[in-house]
Amino acid sequence: MASPLTQRALQRLSDSGFARAKKLADLAIKTNTDSSGKATARGYEQAVALLEPYILSGKETESIDAQRLVASYSNSLTKLSKNQRDQNETVSAFKLQELDAYFTSFDGDVGGFRDPSSLVDTTSESLDNIVLGVLNAIDEKDANGESTDALYSYLNDITKRSDSLRNLRNRFASGELSQGQSLDGFGYYVDTDPLDGSIRAAALLPVGLTPDGLAGGYRRIDATTNVGGALLPVYVPATQNAYGEYSARVGDAVWTGTGSGALKTDKATNDKGLFEEGNFNISDRNKFPVRTAGVKTGSFAKGFIGRDDQGNPLEAVFYKGMDGKLYTVDQETLSRFEQDPVLSQKLSGYVTQFSPSEIRELARDAAPLPVDRIERESRFSKTQTEYEKAQAEAERYENMGFFSQLKEGFSVIGERARKAREENQGTQPQPSFFQRTNEPNKPDEPKVGESTPDIIETGKTLFRKAAGFFTQNLTQQ
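Count along the sequence shown from 1, then add 960; that gives the number in my numbering.
Because the hints were derived from the structure by calculation, they are not lab data. Some clues are possibly wrong.
[Said to hold, decoys possible] Pairs of lysine-lysine residues, derived as DSS-like cross-links and limited to a Cα-Cα distance of at most 25 Å, are as follows: (1) Lys1285 x Lys1262; (2) Lys1039 x Lys1120; (3) Lys1262 x Lys1224; (4) Lys1306 x Lys1280; (5) Lys1285 x Lys1256; (6) Lys1101 x Lys1042; (7) Lys983 x Lys1019; (8) Lys1247 x Lys1285; (9) Lys1224 x Lys1285; (10) Lys1224 x Lys1280; (11) Lys990 x Lys1042; (12) Lys998 x Lys1039.
Working from the sequences, and respecting the hints, build out all of it.
As structure tokens, this is what we get:
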């Protein structure tokens, strides 16, 4: 048994430890605040962690005091978590409104998506109204003593976008835009199907300031449209093939390219007016039809449909099966899709982004995707994808000029010759470094009846076409 002196020393140590814990807990609450100066959940969590060990203290007064403080801080933490969730839900509601404010599928004569000038006014006004709503929400929560940190953070983001578009609207309305001026800070985003060129909607967005995920998969093309005499760059969805080449399509016009630069086009196509500076115009409803509403068979769609447990925007993914039914895709099923070689390519490529109001309508007819359908959908999708690519390639070749077709024909011949050499070399054992001699390589013998005759005949055909072309022109002259 400890002596009385030792017991008094331990008691003083215990008292000083609890006193320090209370001071540290108070300090944690005061130093963990948001931008508006209100305590955060982190501060209360640290305070509770510091005091909980003293709840089981051997000293009754110390234990009761610790229990009282922990209960008080826990209640504050619960209230704060509820307020934070409410604030997140408020921010989420504003974000969903903002997403609805951009892409419009309205196809009227006035204010429709085919007129980029009208989008300047409607988009700017919508964003200004949302900013006003956020400011009102901040005032209301301040009056109730609630945290406004998340609201201020969102206000900072949307203000950049609203200021940018308001500036453009004022310059457009006052005639301050210079003739031929390039509006590189903005883009006319036309939501098209990269395979058939049909149009679903369009938006006017500030480049580099768009909300996350809104403009994913879009590429700038070598085309501009006219807004008050200024030149507005055009962006459309693009797909990427196995060779790294991007392809985008609007109506019958196709743009392709690699790297990060603007996609280029063969200007010898039907819609020549699209390629002249400032002449990109999709007002002709016959040339540029609206895409059928809904999701295409064998395709994915996504959009923000609600909120998660923390009140943040929740994105939903849908898939339209080959049976014509629309299915919801949960995270587990999505992971299985991502492992499938066919369906994963569709997911990683362009996926139509629907507005919150549109996706809400689609969700009414959707059902969970049965697990046993994934393998069947993969087989069907592979066949459909091959057919759509072949059809799109045939149409692209048909729209090419004569010299472009001739150039591509020679490329095909060269590619076949290269493959023939590789196959021939692959059947012969390769000597090691020490077995090699300085004797010159013998030319490969052609595979009679296989690649060589095909290459020669193809070349003859192309040259006959070229000769006929020049002969015809000389005769006409």
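Hint-by-hint comparison with the structure:
Of the supplied pair hints, the one linking Lys1285 and Lys1262 holds, its CA atoms being roughly 16 Å apart against a limit of 25 Å. Between Lys1039 and Lys1120 the CA atoms are separated by roughly 32 Å; this puts the pair beyond 25 Å, and the hint is violated. For the hint linking Lys1262 to Lys1224, the alpha-carbon distance of about 29 Å lies beyond 25 Å, and the restraint is violated. Proposed proximity of Lys1306 and Lys1280 is supported: the alpha carbons are some 12 Å apart, at most 25 Å.
For the given pair, Lys1285 sits about 10 Å from Lys1256 by alpha-carbon distance, which is consistent with the 25 Å threshold. Between Lys1101 and Lys1042, the direct Cα distance comes to roughly 13 Å. Compliance with the 25 Å bound is thereby established for this hinted pair. Note on Lys983 and Lys1019: the hinted pairing holds, with a Cα-Cα distance of about 19 Å set against a maximum of 25 Å. Taking the CA atoms of Lys1247 and Lys1285, the gap is about 30 Å. The hint is violated against a cut of 25 Å.
About 37 Å separates the Cα atoms of Lys1224 and Lys1285, which puts this hinted pair outside 25 Å; it is violated. Distance hint between Lys1224 and Lys1280 is unfulfilled; the C-alpha atoms sit about 32 Å from each other, more than 25 Å. For the proposed pair Lys990 and Lys1042, the alpha carbon gap of about 20 Å is at most 25 Å, so the pair holds. Straight-line distance between C-alpha atoms of Lys998 and Lys1039 comes to about 13 Å, which keeps the hinted pair within the 25 Å bound.
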